[in-house]
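K.L.:
One-letter residues, chain by chain:
There are 2 protein chains.
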Amino acid sequence: MILPISPSVSQLANPNAGQTQLYPVHTSRAWCQVAQKFTGGIGNKLCGECPARAGEGVEHGRSVASGSRGGNVTFSPPHPRQRSRGFLAGVGQGRGSRDRRRLTNLLPACDGERPTLAFLQDVMDILLQYVVKSFDRSTKVIDFHYPNELLQEYNWELADQPQNLEEILMHCQTTLKYAIKTGHPRYFNQLSTGLDMVGLAADWLTSTANTNMFTYEIAPVFVLLEYVTLKKMREIIGWPGGSGDGIFSPGGAISNMYAMLIARFKMFPEVKEKGMAAVPRLIAFTSEHSHFSLKKGAAALGIGTDSVILIKCDERGKMVPSDLERRILEAKQKGFVPFLVSATAGTTVYGAFDPLLAVADICKKYKIWMHVDAAWGGGLLMSRKHKWKLSGVERANSVTWNPHKMMGVPLQCSALLVREEGLMQSCNQMHASYLFQQDKHYDLSYDTGDKALQCGRHVDVFKLWLMWRAKGTTGFEAHIDKCLELAEYLYNIIKNREGYEMVFDGKPQHTNVCFWYVPPSLRVLEDNEERMNRLSKVAPVIKARMMEYGTTMVSYQPLGDKVNFFRMVISNPAATHQDIDFLIEEIERLGQDL
Amino acid sequence: MILPISPSVSQLANPNAGQTQLYPVHTSRAWCQVAQKFTGGIGNKLCGECPARAGEGVEHGRSVASGSRGGNVTFSPPHPRQRSRGFLAGVGQGRGSRDRRRLTNLLPACDGERPTLAFLQDVMDILLQYVVKSFDRSTKVIDFHYPNELLQEYNWELADQPQNLEEILMHCQTTLKYAIKTGHPRYFNQLSTGLDMVGLAADWLTSTANTNMFTYEIAPVFVLLEYVTLKKMREIIGWPGGSGDGIFSPGGAISNMYAMLIARFKMFPEVKEKGMAAVPRLIAFTSEHSHFSLKKGAAALGIGTDSVILIKCDERGKMVPSDLERRILEAKQKGFVPFLVSATAGTTVYGAFDPLLAVADICKKYKIWMHVDAAWGGGLLMSRKHKWKLSGVERANSVTWNPHKMMGVPLQCSALLVREEGLMQSCNQMHASYLFQQDKHYDLSYDTGDKALQCGRHVDVFKLWLMWRAKGTTGFEAHIDKCLELAEYLYNIIKNREGYEMVFDGKPQHTNVCFWYVPPSLRVLEDNEERMNRLSKVAPVIKARMMEYGTTMVSYQPLGDKVNFFRMVISNPAATHQDIDFLIEEIERLGQDL
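Protein chains in written order, with UniProt numbering: chain A, 1 to 594; chain B, 1 to 594.
Just chain A, with the same shape it has in the complex (with noise of 0.2 angstroms):
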């Protein structure tokens, strides 16, 4: 019944797909022939060490049309046969060629200006190539290869001796040949997809700038706008006049676990030097259908996932707050103390928004950290229309939010909010007097990285900062709607549609839209153990033919005592509503004779 997967189902599907593609050798020859214009008398300032040698800058790098230095240029496109031999291959001809293979002669070299600016500019063709097609619909979501298959596809061993610039531009080209395109407008398999412009763009300069965000001294920018950006977003919670703290973290379990790690301190701060055993028991309470992160970090804190209790969630994936209070007087008669409770907005499977009221009030009367782990849903915090699913978010202590997530800004992107300020220092300083030293000529509050648990932290506010000056608040919450609408279309067409089968009913209050597709074979079928069964294996079938196919992406997943459904999310900029059209018939194409 159930349909072999054969590795050469993608060739069958589009046999060109697959092809490297050529790039014509011109556009950098051009643009190099400029740049040696607009960098000017660089160049020459750049060899203290041979300034014999610096004049002769021109020389180098690929081979340059005469009159670069004029008014117009002009430039002649390589010959049709050496085009058709593609990029690389074109690199090797030419006068000063030779020079340009050599890793050697980039920056920092004397005179790698203009080798250097040729390599980078080859490179950015690539990838604004891949670009281009990132948003093609007539291009595959993936070209998807084993494990095996792929490891035995290309060299991908590391040597002693190295490769030239040509061999690197090949393995620029041929990982992004296999890379997964997540800007595609019919990829939609995490809670992350996309590909923003500018934040794209802003990804590029943070790499570019390459600095670190422990301190004012070597990030001075990047710390203000971390300030700014993190002071906005606590705006936006709720929390008056924006104050607080907060820090940019690698990712929502490690700010989830900051949660935790700052909870425990504020209820009792000598953890930080005595451990676990100089305090009692302590418990967390979350729920079912929270993300696991949160025992995750139970377990790195030495909490011990135990000690994560897990709260009931109704049908639609909230917690039930009559079952949080229960739990909490159960935990206290044993004598052990409730020190955080951590709700969940927008739920990873179902989407689902916890009732933040209910939970506020019952941390509240228990005295308990309130954390609220919107990192997917807290995208919705921008939209008018939307929020109030949040309501009651301003009573957290603490708040999760990922822009990595519904706001569609690059990978990695997620911050961490706490209502009290200071509390992160305390709990997490170390003095490092190398690092943080206290006689410098600057206000040294903005060297914020004794609050971090990390010491050497990445720049992740920059693509985020900039995105929201291009879009303004109004262009993300534009977004989200979208995006919500888009949840609901889909909902509409299959909620009644033969063959579907809604995971649970009402309309989706985030992207999520959890449903099984139900192939004619199993229609017929009376609700028993072998149809589960049978249904359990049609998600993973059409995901892997999807796969194999490269044509759409997106998750499954069993939950509870649900077996295999999908789950689709919405949060890629690029998807129409003929997206979601497309997407329920390959659904329907790939999975009918199952």
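For the record, the hints were derived by calculation from the structure and aren't laboratory data.
Incorrect hints may have been included.
No copy is singled out in the list; a pair is fine if it fits within one copy or between any two copies.
[Stated by the list, open to error] When the alpha-carbon atoms are kept at most 27 angstroms apart in a straight line, the in silico DSS-like pairs for lysine-lysine are as follows:
| # | residue 1 | residue 2 |
| --- | --- | --- |
| 1 | 334 | 274 |
| 2 | 367 | 274 |
| 3 | 562 | 451 |
| 4 | 537 | 440 |
| 5 | 507 | 232 |
| 6 | 274 | 312 |
| 7 | 177 | 231 |
| 8 | 440 | 562 |
| 9 | 274 | 332 |
| 10 | 312 | 367 |
The structure presented is a predicted model; accordingly, all values stated were derived computationally and were not measured.
Knowing the structure of chain A, use the given hints to seat chain B on it.
P.N.:
Frame of chain A; chain B shown alone:
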């Protein structure tokens, strides 16, 4: 005696350095013409939704000279007056320019291909200009402003309304104007310095691929490259056949925390469920010169900083093995359980290498997990000349090694290597069924996400892998050897030079050279408290002046009973002997009046 630092010094030093550079418009215009050709008909396939507009692609975007479809391409640079107003001013001119200004015209918009390519190329021009300037010794390392000045100098605030693309480009320029040039040949401030061109290209590609390391499904190539690269690193450490485990983590502090977490789990696996309450008091040992992340990790993991015993160092900053053994015995006598020794290979300040063989013997004798924090020193394993300094590392149970430090890989790139395979997985896995489905169609051993503390994980491997392909192991070796040679050069110059005192005797083992500069007025003083007091103020003032002038940057700190001294480190591939000479001259120029 100590001169006040005036914010205006920087203007006096280099009145033009702070000016915004103007960029000619014609680079991207030329590129844009060509891009139109090489992307061919893709634009027409982009817009499933609005076929009627698809054909209009060529009308959008910047004004394009005629003839762009032919063989030879000709274009006119902008009118001189236009150019003198700079790139951003020029953007608004010409046909179609209004469209180009708008964010909403970028992909995934219909006909968004050309405006996108033009915008991204504009960004790239700004970045390339910055790259070239980074290596230019005539530019400032930093255009320093105090935090409040910088907050006032520019409007950094986030607003409801969008901004146009010209403003976005201006933000990119401004951000880079105030950024620190971490690739500048005279930037020595941190362990991570330099800007590698292949690493940069790889990081751009990583941003463009914008995916997540948790599963093979969505990061097939990167997951394989992590596998290949970690295996190679383990081979270099000396574990037979490169066997073992590992992960790229967000920085050395987190890598060290992983080691502590895994060591604890190995000894008491029940801690995962039961927490620290279920285990005896655990004690970790590390030297008094070790990185603060060991204490930070102990605080976070519920072990407590009091349970981190700091072992004495000799005068060169190396852990004293006899003191280690004494303290282990002491802990055992108290009924505590020693579970981890973290030896350091390359301490942060002195660059000292703990005696790993002796530490390994002790760990073996007492059955304690041996971790080596080689975040800073690990790079020396690539050098046949210097790797003996890490002799014994092959006997470690885990090793932290940050290629983003001595190997010049862009931030962030930190690896934790573990000798025993499978332990990370058992320690951290939570079996999230929505992410790590067990019925996928490929080999699940490549879904490495469940061994991480993080859920989402940034792709940090590609830049290391690509640099390794470009340089070969021998290229890294040459870089390491050169940096160490430069450190020795500096040491040889200043060890007997008037006005310098070395913090410790003897040739540096790493590139750390620690010294006091003693201004003439202090040279005549007796070695008493007043002199110490005054000496402690010298380095901060010289450093502040360095930043004001923007000429160079080097770190300083006190350590133990030693007052503020300079810690010079060299990991920057751009640095030369002349830059070392410059540093000495600059310190003397800025400090002689103190």
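K.L.:
Give me the numbers of the hints this structure contradicts, sorted from smallest to largest.
P.N.:
Failing hint: just 5.
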